[in-house]
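Read off the chains here:
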Amino acid sequence: MYRASRIIHVDMDAFFASVEELDNPELKGKAVVVGGDVSQRGVVAAASYEARRFGVRSAMPMSRAVRLCPGLVIVRPRGGRYAEVSGMIHEVFERYTPLIEPISLDEAFLDVTGSIGIWDSAEQIGHEIKDAIKDEPGLVASVGIAPNKFLAKLASDLDKPDGFCVITEENKQAILDPLDVGRIWGVGSVTAKKLKEHGIVRVRQLRGMHIEHLRGIVGNLAEQLLELSQGIDGRKVELPGQAKSISQEETFAEDIGDKEVLLAVLGGQVELVAMRLRGAGLAAKTLTLKLRYGDFQTITRSRTLDEATDVTKILWDEAKGVFEKWACRGFRPLRLLGFGVSGFVEAGSQQKGLFDGADDKQKQLDKTVDEIKKRYGKGMIGRKYS
Amino acid sequence: MKVKFNRAALQEALGLVSSVVPSRTPKPILQCLRLTTETDAVTVSATDLEVGINYQVVQVEIEEPGDIVVPADKLLSIVRESIDEVIELQADDSTVQIRGADSHFTIYGHDPAQYPAVPGLGGEADFTINLDKMQEGIELSVFATAKESTRYALNGILWEVEGKKLRLVATDGRRLARSMVTLNSVNTDKLPDGRIIVPSKAMTLLDRVGGTKDSLVSIRFVDNQIVLSSGQAIISSNLVEGNFPKYEDIIPKGYTNKITLNCDAVLSAVKRAALLSNEDSKGIKLSISEKVLVFSSRAPETGDAQIDMAIEYDGQPIEVGFNPQFLIDVLRVIKADEFVLELGDSDRPGVIKSGDFLYIVMPVNL
Chain U
1 MYRASRIIHV DMDAFFASVE ELDNPELKGK AVVVGGDVSQ RGVVAAASYE
51 ARRFGVRSAM PMSRAVRLCP GLVIVRPRGG RYAEVSGMIH EVFERYTPLI
101 EPISLDEAFL DVTGSIGIWD SAEQIGHEIK DAIKDEPGLV ASVGIAPNKF
151 LAKLASDLDK PDGFCVITEE NKQAILDPLD VGRIWGVGSV TAKKLKEHGI
201 VRVRQLRGMH IEHLRGIVGN LAEQLLELSQ GIDGRKVELP GQAKSISQEE
251 TFAEDIGDKE VLLAVLGGQV ELVAMRLRGA GLAAKTLTLK LRYGDFQTIT
301 RSRTLDEATD VTKILWDEAK GVFEKWACRG FRPLRLLGFG VSGFVEAGSQ
351 QKGLFDGADD KQKQLDKTVD EIKKRYGKGM IGRKYS
Chain H
1 MKVKFNRAAL QEALGLVSSV VPSRTPKPIL QCLRLTTETD AVTVSATDLE
51 VGINYQVVQV EIEEPGDIVV PADKLLSIVR ESIDEVIELQ ADDSTVQIRG
101 ADSHFTIYGH DPAQYPAVPG LGGEADFTIN LDKMQEGIEL SVFATAKEST
151 RYALNGILWE VEGKKLRLVA TDGRRLARSM VTLNSVNTDK LPDGRIIVPS
201 KAMTLLDRVG GTKDSLVSIR FVDNQIVLSS GQAIISSNLV EGNFPKYEDI
251 IPKGYTNKIT LNCDAVLSAV KRAALLSNED SKGIKLSISE KVLVFSSRAP
301 ETGDAQIDMA IEYDGQPIEV GFNPQFLIDV LRVIKADEFV LELGDSDRPG
351 VIKSGDFLYI VMPVNL
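The listed protein sequences derive, respectively, from chains U and H. Residue numbers for the first sequence, in the working numbering: 1 to 386. Residue numbers for the second sequence, in the working numbering: 1 to 366.
No lab work stands behind these hints: they were computed from the structure. Hints should not be assumed to be uniformly reliable.
To be verified - If we take Cβ atoms under 10 Å as the criterion, some of the chain H residues that face chain U in the derived model are: (1) T171; (2) D172; (3) R175; (4) L176; (5) K282; (6) E319; (7) N323; (8) G344; (9) I360; (10) V361; (11) N365.
Glycine included, every Cβ here is placed at the ideal spot set by N, Cα and C.
Bound conformation, chain H alone (with noise of 0.2 Å):
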């Protein structure tokens, strides 16, 4: 193989791709990426056995056709750390020659034959989406998956297809965000049977991948597998097995404190509060009253915080703790200037709603 590739267009591509790649693995491979020419692009691909992705860099210009696999963290690397504009990889036997105007890297490949396939889209879409649509509802759900998690399986994103309605609900446990993502086209024959909870690494990729406005995210369903495809990239995936909990059931019905509030300026009062909030509870209290909210915290041996805000409310007053990071990263993903906030008693969750966002959050004791 001997080709010479745009360094801005490779770096961004080994930037997606090696996302991938395991840190910690019993295969020395996977810690590796596949180069692959095709007939005007060279592939770039990865894969931890659980998500695959290739993608397609066409800012090249293929001397000699090939296939090569190499150690990612040294390719990423060398190719960011590079001055140059073209950078030209060539491959021996079992080297690869890095070339720069004034530089030379060889690296030890490995065999090619022994990397693990990794999925194209291999068929018609059973659905599509708008890239950006999907990015939005990605982001307005995926922080609220748990980050490590032996109860549930909730470090995936639940998707609910329902008409041309597609739902991604993700919940830690204590918190749970609801998006809702409007597809273009849906052949639901082809959806699997029971509930399809896809992991949040692939999820984060896909929002990843750049594209313009009218880009769209074709989706496939293989066996256990569901593959993503938009623009250059082409994610696949195992769907995750397990028991997402029955979350219909928490979302709390018939609250009547319901208050309208600007997303920015809580953001703002959380932040603050939370300057000065326990460690032990790491709770903020929300105490709402006529026409003021008051956000407060004390932590016992440091000091304490108060923060008002003019709110429109003449219902009864409340009081209510709440973990502020739990309040800060749904403000920070939320598109609209307004909220509305939905209150019960202080023991019941909180729920935030913009459009047909949803988001539920138990209160912390305090």
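Pulled out of the complex, with its shape left as it was, chain U reads as follows (with noise of 0.2 Å):
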């Protein structure tokens, strides 16, 4: 029988900060930041609403958060803390669902479409979740209820802090139309500097363009963005252990315009990448090189290959093809280099290739120096990248 799926977004508010508080009740009410050393180039990872009210963001530098924010408290993080807590608020929703897909610590997407009739509503589960998160950890969640994933994650932004928001098929529309494109999941600052461009700034307007139109602008996301422009999302809860990438990074201390060092820094992070995968017992099929400039631009360069693959010579061959590619097209130092991989399939089950004996040798290397790292640690063993 077809019932309409009910999903329900949990959003920890201001999460970090509020833990903080919570073990140390002296910083209520202040205007509190968790997040690195201003000196190490540090990132504000969670700010407290009162931090908020003077503009300081999470994801911002520590220095320009100190600017705005003169009384400014830091906490360093404590991330052992803060999967303790998680932990419990996990325990929470297992009561309502086994269907829970964590984003991150602080927050998850629950599919409840089954357990009503246990439950009366998902309004009535969405309730309880919010009064078991404050009466246990003692922590504050918005809630936001939907019939799908985009518009339960809209919900709960909706009313923050301590929101409660439901949407449904009948006030979706209304919801949407006003807000900025901005909002579509999907549409970041480049995408939606494109539609600026042409005018369309709410989504009301962009509901009501053509498909074909719409792809002269954006291409491929075309479809995705009209769809969710309407509110329809078809992406399912999907529970944790079905990772979609590997991947690794490093913020520097400096800039690093010295192409060598990065050379290195990537071959590090293939080769820890490459050993995750075959840990997995996975193959992959895209490759991601993830580079930041000193003015925070982000962009990404992939390769997909012919045949999956969990080698770690061919991912580095390939990785160092797409940094030369970037290289020689528009160098500029780095402040954060990342290499990733996409496009899963398990080990073993993909076509084989003709002059594979070539690739036995490098599989017979990986295996031995994955467990030489395993036996003595990472920092035994290592190839020369440049």
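Put the two chains together into one complex, using the hints given.
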């Protein structure tokens, strides 16, 4: 029998900062941020609502946050404690449904479609979760309820902090229409700018576009944007363990303009990612480099292989190729470099190659290196990357 | 320049020549065609700096000789959409007028002096081949080249000349096709050193050249280039520099499981089995036992398929998985009614033979 999906999005309000306030009540009511050192170019991981009043936002460089908010209290992050509290919240979710997709420590989607019947409604579950989080760890969550993930996330955001918002098939268009197109999932600053250049600022305008016209502006995103602008989102709540990508990235203490140094960093990342890939018994088809310049402009460069691989040498050759291609077109010093792989298939389940003989040696080498690293630590052995 | 063209002949020429024009290039002039008048013909040229073509259109009436360079896509569209039998091109200083019975287009040209030279044959042929035999050889191999590759020189076709035989070898690293063409005449002293690898773009282009049963292809090697001339077309191309894998080592020897099969019947069975193959592995299974070959597939969340075929076979039972596309590609181009399938263990490549054509395809783990 068909039953309309009921998805709940739970988003903790200023999670890291609230945990700090919970553990240290003196901080209550102060402008608090959790994050790294100003001198070490740290960034704001989370800001209390008091700090936000001064314009402090997460992912902002700490140096800027201090300038905006002179009395700012900076607390060093305590990852273990956040994970512990997150685990308590997760236990609350599990009372209502096994279909939980954690997005991060402080955010999750719950599919409660099948839970209705045991509970009266998704709204009842939403209220109970909100109350339980307030009673047990003692934190405030915003809850959004809707027929799909996109709308549920939008709902939890609309009424923040301490929010509770329900979007239904009936009211969704009225809620969506006046919103800025930037609120649509998948519309980043670049796409938003492109749309604005064509006079499309509100979701209402986006929704009225002809698909071909829109494709001319945003390319392959067109179909997705049109659907989302009508509140349609087919993505399912996915259980963890179905990782879609594996990646490593590094922010440098100072921008690096030395190509050799960057290649060495990249090599180390490829090695770690490849090892994790093999550890998961997977092979990947697509590799992506993430490059962030000193001015925070971030670009990605990808390459998709004919066949999925888990061989370090192949990933390294391809990653280096992508890096060189980028470098010869417009090299600039980097603030951050990252490497990731996606498009997974199970290792061994794929097409065999005619000339795999050469790869067999590499596979044996990878296996040996992985074993040495597992036994004696990651620093014991490495390839030379240049 | 002022020339009257038979529109159909011009359209045919433009259709072929435009396929050389690169879709993206830092040099905009490469997105143009050059038209140059000869004594009784107009030569249409294009190049992407790797592969070039000169094509002579003879159904012309030249009133004033000349030389023009015009955007390829615009000229082709105008000629394609035209309803005229005769179309006239006239060039002034920087514009080209295209006139039909009821139409008049003006397009802006480029300076012909800026257009890169497109080589002609420039001397006597090093060897000659029958065009339709060559085209058959190309069709039997070019499909197996890699579409994009950084690992080997796999997006070209390897030419191996031995006596009066030319072997064309193509691979994308997962399957390999080798066809054989007999040369008409050959001067082996002129062959370049090392392995000759011709880009698949040049080979595909030659495959599209029209000709009669007796048409010949004249081939000449100049420096690091190959020039192929046949009928109205002269194709020139850089040779690919790179390592073509040592393929001789991977040709399986000593397979004892051989089955003669009908091309059309297997093609149909493979296409049907492929309908329910798994998204990830994209494989279908061939299960061979006494007197029967079963093609099967399974898509975990959708369903499964099975097609049975009666065969002459009384050897050991075999099970092996293949990417169906790799079988469809080859069965589409084999001209004979039948082929021989040779198999080893399930992790060993399958071999398809038809006359002196050879195809090797690696299995998929299912």
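Hint check:
no., hint, in the structure
1, T171, "holds (6 Å)"
2, D172, "holds (7 Å)"
3, R175, "holds (7 Å)"
4, L176, "holds (6 Å)"
5, K282, "holds (8 Å)"
6, E319, "violated (15 Å)"
7, N323, "holds (6 Å)"
8, G344, "violated (13 Å)"
9, I360, "holds (7 Å)"
10, V361, "holds (9 Å)"
11, N365, "holds (5 Å)"
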